[in-house]
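Here the protein sequences line up with chains A and B, keeping their order.
Every position in the first sequence, counted from 1, becomes a number in my numbering once 24 is added.
Every position in the second sequence, counted from 1, becomes a number in my numbering once 99 is added.
Keep in mind that the hints were calculated from the coordinates and are not lab data.
Remember, predicted model here, so these are calculated numbers, not experimental data.
In this text, a Cβ means the ideal position worked out from N, Cα and C, and glycines have one as well.
There's no promise every hint is true.
[As the list claims (entries may be wrong)] Some, not all, of what chain B presents toward chain A, calculated at C-beta under 10 Å:
#	residue
1	F141
2	Q142
3	Y144
4	D146
5	V156
6	Q189
7	L192
8	D218
9	L386
10	P392
11	L394
12	V397
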Amino acid sequence: MWPIGELYAAGLFVYALGSLGGLAGHSARKTGAWLASLLCLLSLVAALLEAGASVGALLAKTETVAWSLYSGVPYLSYAVRLDPLSAYFNLALSLLAASVSIYSLGYLRHGADGGTPGLFCFFLNLLLFALTLVFTASNVLSFLIAWELMTVAAYFLVVFDHESAESRKGGLLYILMSRGGTGMLFVGFLLLATAAGSMEFSALHNIGERLTAFSSTLAFVLLFVGFGVKAGIIPVHIWLPAAHPVAPSNISALMSGIVIKTGIYGMARVFFDFYGAAPVWAGMVVLLVGVISGGLGVLYALMEHDLKRLLAYHSIENIGIILMGFGSALLFRSFGHPQLAALALVAGLFHTLNHGVFKCLLFLGAGGVFHATGSRNMEEMGGLIRRMPATALYFLVGAIAISGLPPLNGFVSEWFTYQALLAGFGATPELTRVAFPIAGALLALTAALAAACFVKAFGITFLALPRSEEADNAREVSPAMRTGMAILAVACVLLGLGATWFLPVFDPITNQTFGIPISGNLVAGGGLLLTAGAVRNGSVSTAVIALLLVALGAVPLLLWLLWGRKSARASGPTWDCGLPGLTAANEYTATAFSKPLRMIFAALFRPRREIQAEFDVSPYYPKAIRFASEIQPAFEKHFYDPLRVGVLTIASWMRRLQAGSIHAYLAYIFVTLILLLLFGVRG
Amino acid sequence: MTGQILAVLAQIALVLFLSPLIMGFSRTLKARLQTRRGAGVFQPYRDLYKLLRKGMVIPETASWIFTATPYVLFSTTLLAGLLIPAISAQAPLSLFGGVLAVVYLLALGRFFLALGALDTGSSFGGLGSSREMTISAIAEPALMLAVFTVALGAGSTNLSAVAQAALGQSWRFLAPSQMLAFAALFIVLIAETGRIPVDNPATHLELTMIHEAMILEYSGRYLALIEWSAAMKQLVLMTLLVNVFFPFGLSAGWSPSGTIFSLLAFIEKLLLLAVAVVLVEATNAKLRLFRVPELLAVAFVLSAMALISTFLF
């Protein structure tokens, strides 16, 4: 049998080694480049070891590694285990970590902005180490320690380019909101652990049913919002578009690909492991938050012309899609439909992996573009498909996948989400059931807007003429960076076409949560068809669709053979309305592209624009025009600004207590002591 | 197995060769309503034949995306046509993708068409691409909700199963939910196929173009493939409407006599629907672009009402 425990431990050890190596060599400037390469190779090795351990654990279909280490403090121990859910997330992490490591080999060759490559690798390996522990920790103490380690490592990577004010600001917002989220997690976990009388995750299984109604509700909300901060659900998402774009691109890829998925992992653990059948409102809230995050996430993404911010908003959108699956699963379990709950859970979990893969790919592509042009602003790009053909191709694969178009992986998990939502109509009582198809329709809107957004992102960035000198002089990125992207692009294709062969991975997870290995119901036709629980409910085959799309190319080929062989094929200038030549200034811009949607959703965006024209004779012949356009960030203005003002008001009020006089402080201590003594005597 | 293959080939032929006819019929009828003679019902065939033989001019700025687009569009649209029950309730390939696959295959074609338009670097391309993606995105929820209403009635997203269920109750279209869903899908049909009042397929006036703006730079064989795809897409959506809501004459299997009768009934239903579309076209003016979302919002409300009335009636 597979040495799962050894592989897992070795992986952790190599991550730690890479991290320490980076720390040791953090001041090396001359040897920095090859040291960074070595450390990236180490993290690649570690990722492969962890992947091996996770695959082994998934094949074993049960809890495998279960180690614990007594901490010396009563009731507290450090513990890890690889149960199917942990192994699944650890596998996703390993896949992304491996490709990011290869990508980083090329990315760090020219050093890292703001510090030495050694220091960068220290934090990178530390982040991967912490992430592995987050997914495998098996009691509250270890989980929270790993969680905080991850948050801190990620913070230092976000602000790695610490000379840029934007990075510092994004990082500050990230760490502040993460702290708030962790606070909620602390209280939520303590409520659960008190009821169970143990910190072990195994003791918390189905603990939700033994809590009082009040503490059950409170713990659910706290844990949902606490994990939601990390996952980036609306309205606690605002750190995400601030922090993800400013981080170095390989880190943005990890942040959007897997770090936010720790929130999803936490929710999966709490919803489906710790809570048994949750109350109906809980599922409805999760579904509603999913729908809102999906819709608003993509609408805000459409308004962006900063490529990495656009991708960051799409992470919010996809977290929304994942939560639609989770919310439906919760509802199905509440209404006693374990089969459907398993289908919905598979939809959510599969989309988690798929989003990780294509979002990581897109961020690496955006990183390549940034590397080549020095800009994140799409309005300064264009024509890159000729200058960076490989990057363009991989980015296109990611764009098709994230838009949920067949036959790639995004389509498969969105298809399952649709099927879960449709099944909800027949399986729930009257008022609840309408929510499902409406959610499905809004998912359709979200997906269609995502397609529009990626037509914009790909079209404006890569197609037509370059809009700046930097874009004109852009060069293809190094082979290592291309390899990192290629792995993920291939994964997008394989997870799409080979989905039927991948689905058994979910069997041990659904078996653990609902007692049903689901893949037997979701795969039919000798491994060719994906079905919605049964063939009669609907089926699809991405592999056959892909095959037929190619095969139907025979028709145009036949037409060409019949009539087209003698026709000439010339190259000529694009129609320019008779003006002297087409220039990049004639091209549609990203802002112009999204203008119709900005006007249609004006109630949400509240766009403001300003036009100033200079002219000599007549206003119809302007010499120069200055145009400024912006949208109003609704959540920042209506929720966070009042919150900030409120906090500052309370803080300035409390400052009166801290007068700076040592006598006053002594008096406080004295009063506190008396009160505590009184309290103690009374108790 | 050979029967299956024959059915697939028959449906390929049907989708390929019937679609220009519906296009030609619509154009001729529209011309007559405008007291013109029109170019005749068979003009689209002559156009396609001519375009296929003509040479092409490819814009210098364009990349391989521009070249790949006609093929992707053609394949996706034709495949969508194979997943839909046309002359038999048993669509030959319906197991490999239901209504979601049809909608998303059309979306894949549109995705590439919009990219191909941006690839030329002309403002027209960007304009068409931006408008097309906007309108299709706004139309999507109405389309899906109406489709869900029908799918939920049949308990399946498989279109053959939906058609079979419809065959079981041929007069079901009189139910309020079906009528409302049909109305919603009819509006979506007009928007998705670029008809007045949403888009005007006959215009080359820059301010009002949507579809035509996207394909302005295409010529020769590529233009033929794109025009043909547009005709096939229209046929696919119309087939969806007529066979799901009015399954009269649709044969349950692939028996020779049943199929011929089914084919005649199918063509007749398509022509009737085309008349309805042309009547809308002839009696309306084109809407301003920013009034289109209101029309599509009406479609969404109709389909939401359709959904709610499924468990009232």
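Query raised in the report: Going back to the hint list, which numbers does this structure go against?
Result: 1, 2, 3, 4, 6, 9, 11, 12
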